[in-house]
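Q: Sequence:
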Amino acid sequence: MIEFRQELKNWKPYKLERIASHDLGNNENRFIDWTDLLKGLEDRISVKDLLYYGDNGYREVIEKYAAYAGVATKQVTVGTGSDFLIHMIVTTFLEKGDVFLTVDPDFFMYQFYNQLHDSHFKTFPLDWKEGSLSLSAEKLLTYAEQVEAKVLMLSNPNNPSSVAFDQQEMEKIVEGFDGLVVIDEAYIEFSDSPSFVKWIERYDHLIVLRTLSKAFGLAGLRLGFALACERLIYELDKAIPPFSLSNLVAKIGSIALDQQERVAGTIEEIKATRQDFYAFLTSLSTVHVLPSQSNFVTFTFEEAEEFYHKALTQDFDFKYYSTGILAGYIRMTIGRPEEMERVKELMIETIGA
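The numbers in full-length UniProt numbering rise by one with no breaks, and the one at position 278 of the sequence shown is 278.
One should not assume that every hint holds.
[Stated by the list, open to error] Taking lysine to aspartate or glutamate and the EDC-like style, the derived pairs with C-alpha atoms no more than 16 Å apart in a straight line are:
hint, residue 1, residue 2
1, 9, 118
2, 139, 201
3, 319, 28
4, 74, 230
5, 251, 55
6, 319, 303
7, 139, 175
8, 344, 258
9, 319, 23
10, 64, 261
11, 344, 315
12, 271, 55
13, 74, 201
14, 96, 118
15, 310, 349
16, 310, 339
17, 139, 127
18, 122, 98
19, 64, 258
20, 122, 104
21, 198, 171
22, 74, 60
23, 74, 63
Hints are computed from structural coordinates only; laboratory data are not their basis.
Work out the full structure: start from the sequences and follow the hints.
A: Below is the structure:
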């Protein structure tokens, strides 16, 4: 009889049972229209891209992303989404039994890859301060020392809370942690906070993760980037399998990076719609909403669970947290204006019911 790893005994495959017409649960960019990108592919993609492995250095897309981020090409590597790069970081820098530390709440895939790797996964709970989640560098660094953490990874802006952490506290963490610091900036384009990309030259223990899934609206492309000093990128590339990225994905990503003005325009549209919805939420006396620096908002009210189930019947979907620090909270992607107007109606109907 085949024996399976005991660590995976109670796991279930992460497969979605349904995809709602108004899917506001995965923080995708629902504003950008890439129809013309598809139409232009015939001139940029050849049958050779299907027949041959091609350039496994993915030089064109790396050069363009390096220019976009303002770093050198040797300070960038690429992967099948930033999720894949999280996996590669765990594989590259952690021995079995080493400690990986993040905050709670944060992106659930951090735990997933650590459990697969059999490294020790630790979390440090964020504080509630003035109605929002807050990160204390002193407390986190003290805990990191206690558990002998080797890798510290956290998202900023934070997923799932939408909060961007205090810049000075983040700087203290980067400066004060002895191991590898990884800052996941999947949502940085929607934030007023500066990126930590500018710090990779200064700190040789810092990796910044980026993606084309959010601001660029190419979640289905699965294209992510890691940015760090040349030495860290070299070590990370050792673990990345050769030809792990599709030629088609690399070329489409390269084409999209030529249209940064369009992306910037949709980011402003999303931020304006976010502000409108945020103002709506704050106008309701029973609703508590966290300050958003991403393309989603996180909020709660007494009828949140009822509202969630009501929305499901209207072919809407988003995240409702029944446990943890955000128990009773909803995480909702900023959808198109007409979708957000319908959400407002559903909320008023629920609260007034």
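Q: Mind checking the alpha carbons of residue 251 and residue 55 for me, to see if they're no more than 16 Å apart?
A: With a Cα-Cα distance of about 11 Å, the restraint between residue 251 and residue 55 holds, given a limit of 16 Å.
Q: Regarding the pair residue 198 and residue 171, is the alpha-carbon distance no greater than 16 Å?
A: The given pair, whose Cα atoms are some 12 Å apart, holds under the 16 Å limit.
Q: Hey, residue 64 versus residue 258, does the alpha-carbon distance stay inside 16 Å?
A: 8 Å, holds
Q: Holds or violated: residue 122 and residue 98, Cα atoms, limit 16 Å.
A: Holds, because 10 Å separates the two Cα atoms, which is no more than 16 Å.
Q: Within 16 Å, alpha carbon to alpha carbon, are residue 139 and residue 175?
A: 14 Å, holds
Q: Compare the distance between the alpha carbons of residue 319 and residue 23 with 16 Å, and conclude whether the hinted pair is satisfied.
A: 10 Å, holds
Q: For a C-alpha distance cap of 16 Å, please report whether residue 74 and residue 63 respect it.
A: 9 Å, holds
Q: Assess, step by step, whether the Cα of residue 74 is no farther than 16 Å from the Cα of residue 201, and give holds or violated.
A: Holds. Residue 74 to residue 201 sits at ~12 Å (cutoff 16 Å).
Q: Run the distance test for residue 74 versus residue 60: straight-line Cα separation, threshold 16 Å.
A: Judged against 16 Å, a Cα distance of about 12 Å means the pair holds.
Q: Within 16 Å, alpha carbon to alpha carbon, are residue 344 and residue 315?
A: Holds, at roughly 15 Å.
Q: Given the hint that residue 319 pairs with residue 28, does the C-alpha gap stay at or below 16 Å?
A: 13 Å, holds
Q: Given the hint that residue 9 pairs with residue 118, does the C-alpha gap stay at or below 16 Å?
A: The hint holds at about 14 Å.
In terms of the numbered hints stated before, the structure departs from hints 2, 8 and 12, listed from lowest to highest.
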